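With the hints as constraints, model all of the structure from the sequences given.
Going by full-length UniProt numbering, the first residue of the sequence shown is number 1, and it counts up by one from there.
If you are wondering where the hints come from, they were derived from the structure by calculation, not from laboratory data. Please note that a few of the clues may not be correct.
What the hints assert, rightly or not - In silico PhoX-like cross-links for lysine-lysine, where the CA-CA straight-line distance does not exceed 25 Å:
| hint | residue 1 | residue 2 |
| --- | --- | --- |
| 1 | Lys25 | Lys196 |
| 2 | Lys196 | Lys2 |
| 3 | Lys95 | Lys145 |
| 4 | Lys196 | Lys32 |
| 5 | Lys191 | Lys25 |
| 6 | Lys25 | Lys2 |
| 7 | Lys95 | Lys2 |
| 8 | Lys191 | Lys145 |
| 9 | Lys2 | Lys145 |
| 10 | Lys25 | Lys95 |
What the hints assert, rightly or not - So the derived label-pair ranges between C-beta atoms look like this:
| hint | residue 1 | residue 2 | range |
| --- | --- | --- | --- |
| 11 | Ser35 | Asp138 | 35 to 45 Å |
| 12 | Asp164 | Glu69 | 34 to 44 Å |
| 13 | Asp185 | Leu110 | 14 to 24 Å |
| 14 | Gly23 | Ala45 | 28 to 38 Å |
Please read these numbers as outputs of a predicted model, since none were measured by experiment. No residue lacks a Cβ here, since even glycine has one placed at the ideal position from N, Cα and C.
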Amino acid sequence: MKFDPFYLIVDSTAWIERLVPLGVKLVQLRIKDLSDEDIRSEIRAARAICAAHDCQLIVNDYWRLAIEEGCDFVHLGQEDLAEADVAAIRAAGLKLGLSTHDEAELETALAADPDYVALGPIYPTILKKMKWAPQGLDRLAVWRKRTGPLPLVAIGGLNPERIDGVFAHGADSAAVVTDITLNADPEGRTKEWIRKTEAWR
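If you want it as structure tokens, here you go:
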């Protein structure tokens, strides 16, 4: 499985509508604190936009809705994985990405036979409060050996200046949230990310 090196994560279809047409090929819709019906509407709209622009959509957490809406990729954190019906996800034909933060979580993730593994935070992040210290590039290199041929996604505190180091230590894809969504010029920053990851595409 070949993963695009630029992995955008956003919390609304409005962001997808703004940024995917710029050339984004891999995006995760990560919504919190909405009703299931509102999230269903967001997923439907996001699917349509991504389909029109040849962009892979990954739905965060809401695996049941992802199945019902005919999506093809879901991402789960460790807590969500513990409660998810992985067999149902697989039976529906969905691919599965999993978050990891330490050795125990990596073992749990690999036992679920995922389609990719994410490691984070690589650098300090402001996205959410983390109980884990920044993993650093050396840990990324260790994860690269442990995950074998599985795509490895780096996340946490990434920006265009850190991209080369992340890929040099074994990441297949660099995930980004706040470096774009909190930027004064999200469109310009997205284009910069696309340019900076072109060499790894």
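Violating hint indices (sorted, rising): 4, 8, 13 and 14
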